[in-house]
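Student: Here's the letter readout for the chains.
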Amino acid sequence: MLDTMFFYMFALLAVAGAILTITMRSAVHCAISLIASLAGVAGLYLLQKAEFLFAVQLVLYIGGIMVLFLFVIMLVNLDSAAKERQFHRRWAGGAVAAVLAGASALWLLSKGAPSFGSPVAQAAPSPDGNVEQLADLLFRQYLVPFELASLLLLVAIVGSVLMAKKRTS
Amino acid sequence: MPPELTQLLPASVPLSWYLVLSAILFSLGIAGFLFRRNIITVFMSIELMLNAVNLTFVAFSYHLKQVDGHIFSFFVMVVAAAEAAVGLAIILTVFKNRATLEIDEVSSMKL
Amino acid sequence: METVISHPLFVPLLLALCIIAFAPLAVAGTVLLERKVLADIQVRLGPMRVGPHGVLQTIADAIKMLLKEDIIPDDSNKGMFKFAPVISFFTAAICLTVVPFSERLRVADTNVGLLVVSAMSAVGILGIILGGWSSNSHYSLLGSLRSAAQLVSYEVALGLALISGVMAAGSLSMVEIVRQQQARGIWFVFDNYGLMILPFVIYFISSVAETNRAPFDLPEAESELVAGYHTEYSGFRWGIYMLAEYLNMFVVGSVAITLFLGGWLRPFPNVAWLEIPMNYGVPVLFFGLSGLWCLPASRKLPSAIHKAGLVFIGLCLILVAAVFAIPVANAALSAPFWFFFKLATFLYVLIWMRGTFPRYRYDQLMDIGWKRMIPLGLAAILLNALVGILRT
Numbered sequence: 001m002l003d004t005m006f007f008y009m010f011a012l013l014a015v016a017g018a019i020l021t022i023t024m025r026s027a028v029h030c031a032i033s034l035i036a037s038l039a040g041v042a043g044l045y046l047l048q049k050a051e052f053l054f055a056v057q058l059v060l061y062i063g064g065i066m067v068l069f070l071f072v073i074m075l076v077n078l079d080s081a082a083k084e085r086q087f088h089r090r091w092a093g094g095a096v097a098a099v100l101a102g103a104s105a106l107w108l109l110s111k112g113a114p115s116f117g118s119p120v121a122q123a124a125p126s127p128d129g130n131v132e133q134l135a136d137l138l139f140r141q142y143l144v145p146f147e148l149a150s151l152l153l154l155v156a157i158v159g160s161v162l163m164a165k166k167r168t169s
Numbered sequence: 170m171p172p173e174l175t176q177l178l179p180a181s182v183p184l185s186w187y188l189v190l191s192a193i194l195f196s197l198g199i200a201g202f203l204f205r206r207n208i209i210t211v212f213m214s215i216e217l218m219l220n221a222v223n224l225t226f227v228a229f230s231y232h233l234k235q236v237d238g239h240i241f242s243f244f245v246m247v248v249a250a251a252e253a254a255v256g257l258a259i260i261l262t263v264f265k266n267r268a269t270l271e272i273d274e275v276s277s278m279k280l
Numbered sequence: 281m282e283t284v285i286s287h288p289l290f291v292p293l294l295l296a297l298c299i300i301a302f303a304p305l306a307v308a309g310t311v312l313l314e315r316k317v318l319a320d321i322q323v324r325l326g327p328m329r330v331g332p333h334g335v336l337q338t339i340a341d342a343i344k345m346l347l348k349e350d351i352i353p354d355d356s357n358k359g360m361f362k363f364a365p366v367i368s369f370f371t372a373a374i375c376l377t378v379v380p381f382s383e384r385l386r387v388a389d390t391n392v393g394l395l396v397v398s399a400m401s402a403v404g405i406l407g408i409i410l411g412g413w414s415s416n417s418h419y420s421l422l423g424s425l426r427s428a429a430q431l432v433s434y435e436v437a438l439g440l441a442l443i444s445g446v447m448a449a450g451s452l453s454m455v456e457i458v459r460q461q462q463a464r465g466i467w468f469v470f471d472n473y474g475l476m477i478l479p480f481v482i483y484f485i486s487s488v489a490e491t492n493r494a495p496f497d498l499p500e501a502e503s504e505l506v507a508g509y510h511t512e513y514s515g516f517r518w519g520i521y522m523l524a525e526y527l528n529m530f531v532v533g534s535v536a537i538t539l540f541l542g543g544w545l546r547p548f549p550n551v552a553w554l555e556i557p558m559n560y561g562v563p564v565l566f567f568g569l570s571g572l573w574c575l576p577a578s579r580k581l582p583s584a585i586h587k588a589g590l591v592f593i594g595l596c597l598i599l600v601a602a603v604f605a606i607p608v609a610n611a612a613l614s615a616p617f618w619f620f621f622k623l624a625t626f627l628y629v630l631i632w633m634r635g636t637f638p639r640y641r642y643d644q645l646m647d648i649g650w651k652r653m654i655p656l657g658l659a660a661i662l663l664n665a666l667v668g669i670l671r672t
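Chains as they are written, first to last, in the working numbering: chain G, 1 to 169; chain X, 170 to 280; chain P, 281 to 672.
No lab work stands behind these hints: they were computed from the structure.
C-beta: ideal position from N, C-alpha, C; glycine also.
All clues given are correct.
Residues from chain P that face chain G, not an exhaustive set, calculated with beta carbons under 8 Å:
#1 Asn391
#2 Ser398
#3 Ala399
#4 Ile409
#5 Leu421
#6 Leu425
The shape of chain G in the complex, shown without the other chains:
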């Protein structure tokens, strides 16, 4: 009951934020709406007992990526761009594509609905918290992907530093 109310609240936040993200004129407003949407999804994570992802969503997405976005937006100063046309000339085609994608997703969902109607019979919930379970899994079963991810991040750091560096030649 309480869960459902929270679901409505966070879902509303997420959807409203998403709609504003793709319709607002100024890029800063878009970024702020996206932050609201991300915060709504973070709330949904908390509702589904994914505490670690909740924290990562806030720290990484809102505190990291979105702050980076805001930085770039403020650096490039898009005041003049905000007054121009925001949408493509061929926006109708885009709309049709988006609606088709959404409709197909919903149709597939309704086809598969009976298979996830009731919760699967599951093992007894582990006494450990979410973070401990995740750590166990991440550093045992998924150790190689984890290391690869760290490599990816390293490459990203080196790449962005190289691009940001002024060419001396």
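Here the structure of chain G is known, so what remains is to put chains X and P in place on it, guided by the hints.
Tutor: Coordinates of chains X and P only, in the frame set by chain G:
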């Protein structure tokens, strides 16, 4: 409580609600990706789509009582972070070279 | 009435209300402390007019601030301008809810307490960025960009230092961390054969940068940027920013105390014979002597009201000392006493640093963050992990 209210407010949120929500978020992301002319907003729409996918992973993982889905979401977030770092650096370079961020005008590979 | 008091939410809700109610007072006290200590360092007297020895100065300042005209710049983004300080304040206040002031005196004991703190401090950056951007002023924008870059950089070092502490405790719950220190009979700062001092030092330096305080107070460098991101703010909204800044000091102090300095535990928690002198002797002497000092000091004050005020304060302090001598009261109060005593010491050290160190340049600040603190933090994790494995 009237029956239609109990249908709207069940004791626990069914899995399908989360899936429908993330389908909506994903479609909004696609729409933004195709509509907008500003590179930064297009980029934000991509983040929106990634986020919708994460929500699906977490919803299934909650439903099946396994945390593997969280790991996938975590990796998606890591990739999103790497992508944001490189992507925003590219955006800055593009802006430095062409003084515009309209994707229609940044259509050729050469200056 | 019985059912209300025994309800599981009673103490948390009451405490949350207390935090919201007393936070401004505690901040006022800290501001007064700051002005007095800085004055002492610079061989001045500091505020002396309002109340005996100026103890009511910050209250007067707060009233003045509330009565001031609330100016909103014409070209600013009005909604964002009004909302930004609220983000800063709320994130700081939420962090305080996971801090255990004693074993029972706490709002919430989630098993991810430390994650909540770091998540909220990450969201708090938005308050600064949006506040600076929405006021549509170059000083504000530059200040907020500087500030956000500083916070994002030092958050990494802060997180690395926290990981060392969490490894030693084996839990993210703030209460459990202190219980672990109780079980081992040692504050974590001295654990792992003294190796934990390294993450503590990293945490301390990064937390100074995290709270935008001297010597890392570049966002507000008065001589270059007027007042940083809150240049355009005035009156009540400026007050909220100020409140958030000081609450953030409390938060980083509380986390440092919980993770490294034993939380509500007394010094030497494993030495049993120190129980009486530490839990009874220190608070009684501390409050009693400061109360006794007030009585002769009141004679030097000029006006009769000030004399009476100081005598009243002295008597109150002696009363508090007497309360600490009662065994029942002492059992309940000694743990929070130690927590707040450590917090006050932490704040004193922060103020002391502000009084002694010159401000760093911006590139020096980034150098310290990225080239010193982060590698050192990684090394600290490695060392402590190795020692931790070898010990078990």
